[in-house]
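Chemist: First to last, the sequence lines map onto chains A and B. If you read the first sequence in our numbering, its first letter stands for residue 1, the second for the next number, and so on. If you read the second sequence in our numbering, its first letter stands for residue 1001, the second for the next number, and so on.
Since the hints were made in silico from the structure, they are not lab data. Note that the Cβ used here is the ideal one computed from N, Cα and C, for glycine as well. It is possible that some hints are incorrect.
What the hints assert, rightly or not - PhoX-like, lysine-lysine: derived pairs with alpha carbons at most 25 Å apart:
| hint | chain 1 | residue 1 | chain 2 | residue 2 |
| --- | --- | --- | --- | --- |
| 1 | A | Lys37 | A | Lys14 |
| 2 | B | Lys1199 | A | Lys37 |
| 3 | A | Lys48 | A | Lys85 |
| 4 | A | Lys48 | A | Lys211 |
| 5 | A | Lys158 | A | Lys135 |
| 6 | A | Lys158 | A | Lys130 |
| 7 | B | Lys1201 | A | Lys14 |
| 8 | A | Lys14 | A | Lys85 |
| 9 | B | Lys1060 | A | Lys14 |
| 10 | A | Lys48 | A | Lys14 |
| 11 | A | Lys211 | A | Lys130 |
| 12 | B | Lys1060 | A | Lys158 |
| 13 | A | Lys158 | A | Lys136 |
| 14 | B | Lys1201 | A | Lys37 |
| 15 | B | Lys1201 | A | Lys158 |
Stated by the list, open to error - Here are some, though not all, of the chain B residues that point toward chain A, as calculated from beta-carbon distances under 10 Å:
| hint | residue |
| --- | --- |
| 16 | Val1005 |
| 17 | Ala1006 |
| 18 | Arg1007 |
| 19 | Lys1201 |
| 20 | Glu1202 |
| 21 | Tyr1203 |
| 22 | Val1204 |
| 23 | Ala1207 |
| 24 | Arg1208 |
| 25 | Pro1214 |
| 26 | Ala1215 |
| 27 | Leu1216 |
| 28 | Pro1224 |
| 29 | Asn1225 |
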Amino acid sequence: MSSAPRLVEITDLKRYFDVSSPWLNRVIEGRPRQIVKAVDGVSFGIAKGETFSLVGESGCGKSTVARLVVGLYPPSGGRIAFEGKEIGEDRTARAQVQSRMQMIFQDPYASLNPRWRVEDIIAEPIHTRKLIEGKKAIRDRVGELLSQVRLAPADMDKYPHEFSGGQRQRISIARALAGQPEFLVCDEPTSALDVSVQAQILNLMVELQQKFGLTYLFISHNLAVVFHLSTRVGVMYLGKLVEWADTAHLFERPRHPYTRMLLDTIPDLDLTGRQRQPVGGEVPSPINPPSGCSFHPRCPFATERCRAEPPNLRDVSGSSVACHAVEEGRI
Amino acid sequence: MDTAVARVADWWRRVLASDVLHSFRSSRLVMLSAAVAAIYFSGAMLAPWLAPQDPFDLAKLQLLDAFTPPVWMEGGEARFPLGSDNQGRDVLSTIMFGSRVSLLVGVASVLFAMLLGVTLGLISGYVGGSVDAFIMRVADIQLSFPAILIALLIDGMVRLAIPGSRHTELAVLVLILSIGLSFWVQYARTVRGVTMVEKNKEYVLAARVIGVPPALIMLRHVLPNVMGPTLVIATINLATAVITEATLSFLGVGVPPTQPSLGTLIRIGNDFLFSGEWWITIFPGAALAILVLSVNLLGDWLRDALNPKLR
């Protein structure tokens, strides 16, 4: 789609979790092994300087993708490449690549150690990677980072509990920036915040992206936020990418029935009174995913083929869609 | 340096304003037991200067002074406020020197158990998997034996391995190691539980993304969170360790008679209980009981004060 050089390239990424009962229970009670396919063959690329968003309902595996990319989980299969080089098993190479990535977490109350001062929190990447030597120089740098996220440099002597959720998220961002990353993985960074504060944090993120040429992988379930921020959007359903396209294109012409359902849920201010189709049903259990296309139990266009054969991503006029109905031209 | 001073000052200010201090000051019993414990610790530490007599200076001991009753009884002397034992040693002085050994063994074995248990618990909880399974199975096996039995076992093995005279020199160390080894499991289990909760919190994940090595994450992020429960166990354990030491010494496998602990004193005095010289065993026994009771009360209070769910 985009011909710009890819900073991050993810190919057929898989992550399975073993949630089986203990061995003794399995043997005596005859229970089978149970595997959750949290991420099951996801591929996408992120160009330098862009924001790629992953959206989907809770439990669709989007946060797992984020954690796989930064190396918090080892993948069960597939490849992650950074600047064309695969991130493999080799520890030093891994550490080197990972030093260029940082992550911003969802819950600003859990992501800062309550016993540490802000100065120590923000300086953690600096100390770990010995970016700056000397106490005074580090304090100056922390002060500079705090100003960049619109907090006062004097705040560095406080503890996290003295700040509001939005301020804490700014501290999180400052900590991520302290590592001088090129690539930031943001796992629902605004979902725990008030709406008014969300906008401030998002604007700050956009501003920092322009200032430092950052590349974002943005995880969210909030489509309005995604529309505001992203260059491209991928829609995930039950561990798989069902559609991805440029943001404007996706919001204008959603192809996959699931994307349409999601977009239908965005409230608008025009009060058009148009009939909306509520998202029916719930996400099926990823332990026992439905046969064929995993969306078919909730899909109004499902046919026999959808129940039997899993669809693959295909390019359809500007989008990449995994849907038999779209491919057959039925919708 | 300035910031270090500021940090200590700030920490102290937080201690003064804390709920823990408030709950300390609102209970007379707790303050009383803290005072008793403080008297014991200072009396034991300063025994060589405070005690009326040096019970180990053989030159000053007179066998003629043996079996002097306490001062308020007929035949009592002011030199021996709580009477004297079969070798003419002042019972009050032997209690002071004896608590010294008892507390030394108690504190050192608790510290040793804490070091071992916290380290193994952190590793077990943080690394997980087969390492965790192995450490916890060892802990399970150890828990199925009573602490005294384990201490006796270790003591017995050391006695076999090291010849008699050398053993006397090492007796206190062996005692500390064997009591410590029988207590580590509690720490390991508690610390493991807290570690497993903490390691999935986002600030630990953030540290991992930053690339902080696992050992440093355990030390700087997880350890401060496990110190509260560990401290509570340590206080309650101190009383148990003192009792265990006394039991072992009473059974004759603890410290040698040349450096008697409270347990040894009770054993020595026990021989004279039925011949009427009750003070030789009763006073060390009462001293032990009061010490253990006050430390135990402090431990119970600390457990309640540090656990907000109980308030």
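Chemist: Does each hint hold? Answer for all of them.
Modeler: Results of checking the hints against the structure:
1. A/Lys37 / A/Lys14: holds (8 Å)
2. B/Lys1199 / A/Lys37: holds (23 Å)
3. A/Lys48 / A/Lys85: holds (15 Å)
4. A/Lys48 / A/Lys211: holds (14 Å)
5. A/Lys158 / A/Lys135: holds (17 Å)
6. A/Lys158 / A/Lys130: Given that 25 Å is the threshold and the Cα spacing comes to 23 Å, the pair holds.
7. B/Lys1201 / A/Lys14: Satisfied, since the Cα-Cα distance of roughly 24 Å is no more than 25 Å.
8. A/Lys14 / A/Lys85: holds (19 Å)
9. B/Lys1060 / A/Lys14: Measuring from Cα to Cα gives roughly 82 Å; hence the hint is violated.
10. A/Lys48 / A/Lys14: Given pair A/Lys48, A/Lys14 holds - Cα atoms ~24 Å apart, limit 25 Å.
11. A/Lys211 / A/Lys130: It holds: about 24 Å lies between the C-alpha atoms, which stays within 25 Å.
12. B/Lys1060 / A/Lys158: violated (62 Å)
13. A/Lys158 / A/Lys136: holds (17 Å)
14. B/Lys1201 / A/Lys37: Roughly 23 Å between the alpha carbons, so the hint for B/Lys1201 and A/Lys37 holds.
15. B/Lys1201 / A/Lys158: holds (21 Å)
16. Val1005: Cβ of B/Val1005 sits 14 Å from chain A, so the hint is violated.
17. Ala1006: holds (8 Å)
18. Arg1007: Result: holds, 9 Å to nearest chain A Cβ.
19. Lys1201: holds (5 Å)
20. Glu1202: holds (4 Å)
21. Tyr1203: holds (5 Å)
22. Val1204: Hint holds; B/Val1204 Cβ to chain A Cβ min 8 Å, cut 10 Å.
23. Ala1207: holds (7 Å)
24. Arg1208: holds (6 Å)
25. Pro1214: Check failed: Cβ of B/Pro1214 comes no nearer than 12 Å to chain A, outside 10 Å.
26. Ala1215: violated (12 Å)
27. Leu1216: The hint holds - B/Leu1216 has a Cβ within 10 Å of chain A, the shortest such distance being about 8 Å.
28. Pro1224: OK, holds: B/Pro1224 within 10 Å of chain A, min 5 Å.
29. Asn1225: Holds: closest Cβ of chain A sits about 8 Å from B/Asn1225, inside 10 Å.
Comparing the model with each numbered hint stated earlier shows that hints 9, 12, 16, 25, 26 do not hold.
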